[in-house]
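S.K.: If you're matching them up, the sequences are chains W and E in order. Residues in the first sequence are numbered from 0 upward in steps of one, following numbering that gives the first Met the number 0. Residues in the second sequence are numbered from 0 upward in steps of one, following numbering that gives the first Met the number 0.
Hints are supplied without guarantee of correctness; some may be wrong.
As a list, the in silico BS3-like pairs of lysine-lysine whose alpha-carbon atoms are at most 30 Å apart [what the hints assert, rightly or not]:
hint, chain 1, residue 1, chain 2, residue 2
1, E, Lys-4, W, Lys-28
2, W, Lys-45, E, Lys-144
3, W, Lys-71, W, Lys-86
4, W, Lys-86, W, Lys-45
5, W, Lys-71, W, Lys-45
6, W, Lys-45, W, Lys-28
Coverage of chain E stretches by chain W, computed from C-beta distances (three or more under 8 Å per stretch; other residues unrestricted) [unchecked claim]:
hint, segment
7, 31-44
8, 52-66
Calculated directly from the structure, the hints in this document are not laboratory data. The C-beta atom is built at its ideal place from N, Cα and C for all residues, glycine as well.
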Amino acid sequence: MMILLAVIHLGEEAYGVPISRELERHRGKDVSVGSVYAALERLESKTLVASSLGDPTPERGGKAKRYFRITKAGLRQVHETRRVLSKLWQTLPELKGERT
Amino acid sequence: MTEMKPPTIATWMLVHLVPGPRNDALAGDLLEEFRQGRGNGWYWRQVIAAIVIGVSRELRNHSTVMLFAAGWAMLAPAWLLIVGNAEEHFNLSERIWQMDWPWSTVCDIGLLLAANVLFIWAGIFLYLIPHLLAARNLRVRPLLKGILASLPVLIAIWAALVVLPKIFLESQVVDQHSVAPVSAFSSMHKAPIEIRQVSPQEQWDMRYGEKAIDPYNSPRSALTDLRTVAIVVRLPFFLTILCSLWGAALRFGNRNPGITA
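Chain W with its partners taken away, still in its complex shape (with noise of 0.2 Å):
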């Protein structure tokens, strides 16, 4: 879920870097690239995200870089998993400590 909303996120701007970075930032902790790339082929699997090849560039020693995008499947299953998480949290009861 969290790899699918930084693909949206980031737009056009979507592979293995920003999206780690992007994961880093909010988890505040660090992120294995390999782990990313994983979780990505397992919703490109499900059709939930696309790949596609860019250019190749000599800062990444002439290897191409993955671009990722949101599927429509996967954007109907964002918002599926927020409706369903919104519902959860409405009927939660008041969490304990929440009010000081």
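Following the hints, position chain E against chain W.
M.R.: Using the frame of chain W, we list chain E on its own:
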């Protein structure tokens, strides 16, 4: 200005040890981040994490194949005992060794190889056919690929097991009724009695009589034989089936296409 270079060994590990042919994007990302000022420690951590994640994903994707190969290999000692019994029944060893060289050697190795290959191919068929039928796509190519791959793999593993551990295995073979292809191979040359033949009378005695029973000398009891020799016997079968089905299994078991170029 010289470009910052990440640790060479780590880069080599990234290229060679992360499973999957499509890791270029990951390698490029790590290099890009490294050149943005990340340290060697960060690069090493990323590479090791990528290897661990990749290997565990591969193992997870092939867990069915590994379980099947292990289960099928458990039957190997029993199968070799059955082959040994048949060999004795038809007096094949004697007939083979009455032939002129090199036919005696060719037939000897050929017979053992045929028995092993038959067992392995049966396993491959048993694994693949339900998968192919379930996919409603009975394709001959992956089946043939697996079957053909099993031959060189078996020969390589078998040769390695005959040549390398022969020395330490032979010491066990002398006193035990081993059914190892390794010991079977050597024993046919040195001590033909090593492949223990169980006559019908002996089988009857073992089941119903009061004579001393060799606990591992019936096909049924060979299934649960967990001595070192029996495990070594199973190893070539396990590895051959695993190697043969590894590529084919991806087509059926893993629906994840990964990151495609």
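S.K.: Each hint: holds or not?
M.R.: Verification of the supplied hints:
1. E:Lys-4 - W:Lys-28: The hint holds at about 25 Å.
2. W:Lys-45 - E:Lys-144: holds, 28 Å
3. W:Lys-71 - W:Lys-86: holds, 23 Å
4. W:Lys-86 - W:Lys-45: Between Lys-86 of chain W and Lys-45 of chain W the Cα gap is close to 25 Å, so the pair holds against 30 Å.
5. W:Lys-71 - W:Lys-45: holds, 12 Å
6. W:Lys-45 - W:Lys-28: Holds, at roughly 27 Å.
7. 31-44: Held - the segment 31-44 of chain E has 5 residues with a Cβ nearer than 8 Å to chain W, which meets the minimum of three.
8. 52-66: It holds, with 3 qualifying residues against the three required.
Every hint from the earlier list agrees with this structure, and none is contradicted.
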